[in-house]
Amino acid sequence: MKKSRVIQLLGLILIGVLVGLGYSQRATTDASESITAVGSTALQPLVEAAGEQYSSEHTGVFINVQGGGSGTGLSQIQTGAVAIGNSDIFAEEQAGIKASKLKDHRVAVVGIAPIINKKTGVTNLTSQELTAIFTGKIKNWQAVGGKNLPIVLINRAQGSGTRKTFESYALNGRKSADSQEQDSSGLARSIVASTPGAISYVAFSYLDTSVTALQVNGVKPTEANVKNNHWHIWSYEHLYTGLQPNQLTKKFINYILSAAVQKKLVKQLGYISVHDMQVQRSATGKITTVK
Amino acid sequence: MDKIRASLLKKSIASKIERRGKIISLTCLALIILVVFLIFYFVASRGLATFFQNHINFWQFLSGTQWNPGTTGTNGQPAVGALPMIVGSFLITILSAIVATPFAIGTAVFMTEISPRRGAQILRPVTELLVGIPSVVYGFIGLQVVVPFVRNTFGGSGYGILSGTFVLFVMILPTVTSMSADALNAVPRYYREASLALGATRWQTIYKVVLRAAIPGMLTAIVFGMARAFGEALAVQMVIGNATLLPQNLVSPASTLTSILTMGIGNTVMGSLQNNALWSLAMILLLMSLVFNMVIRYIGRKGKLNNER
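Chains as they are written, first to last, in the numbering used here: chain A, 1 to 291; chain B, 292 to 600.
Keep in mind that the hints are not guaranteed to be accurate.
Computed cross-link-like contacts, DSS-like style, restricted to lysine-lysine with a CA-CA straight-line distance of at most 30 Å [as the list claims (entries may be wrong)]:
#, chain 1, residue 1, chain 2, residue 2
1, A, Lys175, A, Lys103
2, A, Lys267, A, Lys220
3, A, Lys164, A, Lys101
4, B, Lys313, A, Lys3
5, A, Lys227, A, Lys286
6, A, Lys227, A, Lys263
7, A, Lys103, A, Lys227
8, A, Lys3, B, Lys301
9, B, Lys307, A, Lys3
10, A, Lys103, A, Lys147
11, A, Lys118, A, Lys147
12, B, Lys593, A, Lys3
13, B, Lys499, A, Lys3
14, A, Lys98, A, Lys3
15, A, Lys98, A, Lys220
Away from chain A, derived, C-beta distances all over 12 Å, residues of chain B [what the hints assert, rightly or not]:
#, residue
16, Leu322
17, Gly451
18, Val461
19, Met561
20, Gly591
Computed footprint of chain A on chain B, listed as stretches where at least three residues anywhere in the stretch have a Cβ under 8 Å from a Cβ of chain A [to be verified]:
#, stretch
21, 391-397
22, 442-449
23, 533-543
24, 575-587
None of these hints come from the bench; they were simulated from the model. Here the structure is a predicted model, which means the values were calculated and not measured. Ideal Cβ positions, reconstructed from N, Cα and C, are used throughout, including at glycine.
Hey, can you work out the whole structure from these sequences and the hints?
Written out as structure tokens, the structure is:
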């Protein structure tokens, strides 16, 4: 009996000490700063890498980065639960988001290319052909000069930023036909690589030799073609904040936009720097030249 | 005298400890019940919002075949028809149970009746090992092995109900097997002895006596396996193709409630129709697991009555 009393007492003391420790820790973490960024998985690697670099340069500052998807990022920043919402799409394009309550920071550009299985025998499509394929009008590769193979459409999940961009700028706003859907770019690529006749679309950073990246209207999917808008299928990567972001959030976004990050990290991770773009695109798709 | 009186009237230490234990276990129980109720409340409040806030017709939701919340379908209503997913989920569950049951019962009979020693030493650990494999591994094997196999043997793109059935078959096999084995073990020894004493062969005993007596237990095992198959998300999602189309045949891409849920939830905004529609799918899943649970209890109760008679 006595022994168990002692153990109980020890347990209580331990809990007390832990609570006290936690309380004092809380005070110090508040003194040093931290912000949380949530959202798009396509942008996550960049924000994560930049956040790590930023923390190593500024001691006591922590940038927490989480995935969850563009929709999550936008809804979390709208409710004010996080400091930064990462998104592949304009807030205006997402249902249920009041874009006027948010501030848009474009930090990078991502090009998206249609990819097909290597044995299809096609390397170039016109945009009409591409639209016809994705809306289900053309069902065999023979119709566009390929082998006699049925076309297997592989879409990204409904609401995915990549899919929205592809439908807006490759299919001219048409909705893709109902088809298979995958929820990650990596899986979409590996399925295209292994399924005869498959077609899908991924960001440039996912292009590799296991699949064929299609030319559209004879234009190659390269960074140079994105920068001068000869290649239309690209999107901004956005960091959304509230209208009055706090000091650390402002500093961090400026850091991502600084030459140090844009020239090195952005390129290393397969994005295109916003500073290199020769054109600008608004949420409604209007193109203006950057002087 | 007074001391004895006092010690008799005071609560003893043992009863105090007992009371403390009772309070602790009751609090745990209450907490779990509270969590279950909160989950039900949350899923229902979100799931029902589709019908009460967004004014989607419930029957249209169950019978519609177009799924693209946020856009309007051909009938001018928002395209939230969940029939393709519901059909996909049920087809894949029932098919995998049908495929898995004979294998599971065969293995269970071997483990308990024919070679109990080898069963206990080798087969049981092996089947239990199958339970421990994470579902993403099953999904990956399905993607790399089963899908090409189905494509080359049965045609189509390889993604579809059939591939999902094969993957789920392996996943629910251990559950059904070990529970069937338990059911067979629970058959009283004197049933077998009586049967053998009457001159029945081993096969006759197994077929006519042991299996019959274990039917309720084995049904429970099958329903348990079906519940697992119904709720499995990741492995199925990787091989079924996730197309919100009514399955035309077993090799055409299809989808299940869980696969659409996991794919969509990160891309929608809390409170929007897209999000609410997904919660409605979650509500159907929750209700179905409730039904599975009730079926299991019903079978269990009936089985008991039969044995007592």
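Status of the hints after comparison with the structure:
1. A:Lys175 <-> A:Lys103: The hint holds at about 28 Å.
2. A:Lys267 <-> A:Lys220: holds, 19 Å
3. A:Lys164 <-> A:Lys101: holds, 22 Å
4. B:Lys313 <-> A:Lys3: Given that 30 Å is the threshold and the Cα spacing comes to 22 Å, the pair holds.
5. A:Lys227 <-> A:Lys286: holds, 15 Å
6. A:Lys227 <-> A:Lys263: holds, 15 Å
7. A:Lys103 <-> A:Lys227: holds, 24 Å
8. A:Lys3 <-> B:Lys301: holds, 23 Å
9. B:Lys307 <-> A:Lys3: holds, 17 Å
10. A:Lys103 <-> A:Lys147: Violated - the C-alpha atoms of Lys147 of chain A and Lys103 of chain A are around 49 Å apart, more than 30 Å.
11. A:Lys118 <-> A:Lys147: Measuring from Cα to Cα gives roughly 11 Å; hence the hint holds.
12. B:Lys593 <-> A:Lys3: Outside the cut-off at roughly 50 Å; violated.
13. B:Lys499 <-> A:Lys3: violated, 59 Å
14. A:Lys98 <-> A:Lys3: Given pair Lys98 of chain A, Lys3 of chain A is violated - Cα atoms ~62 Å apart, limit 30 Å.
15. A:Lys98 <-> A:Lys220: violated, 36 Å
16. Leu322: The claim holds: Leu322 of chain B sits with its nearest Cβ about 18 Å from chain A, beyond 12 Å.
17. Gly451: violated, 9 Å
18. Val461: Correct as stated: the minimum Cβ-Cβ distance to chain A is 21 Å, above 12 Å.
19. Met561: violated, 5 Å
20. Gly591: holds, 38 Å
21. 391-397: violated (count 0)
22. 442-449: holds (count 3)
23. 533-543: holds (count 4)
24. 575-587: violated (count 0)
Hints 10, 12, 13, 14, 15, 17, 19, 21 and 24, counting from the list given before, are not met by this structure.
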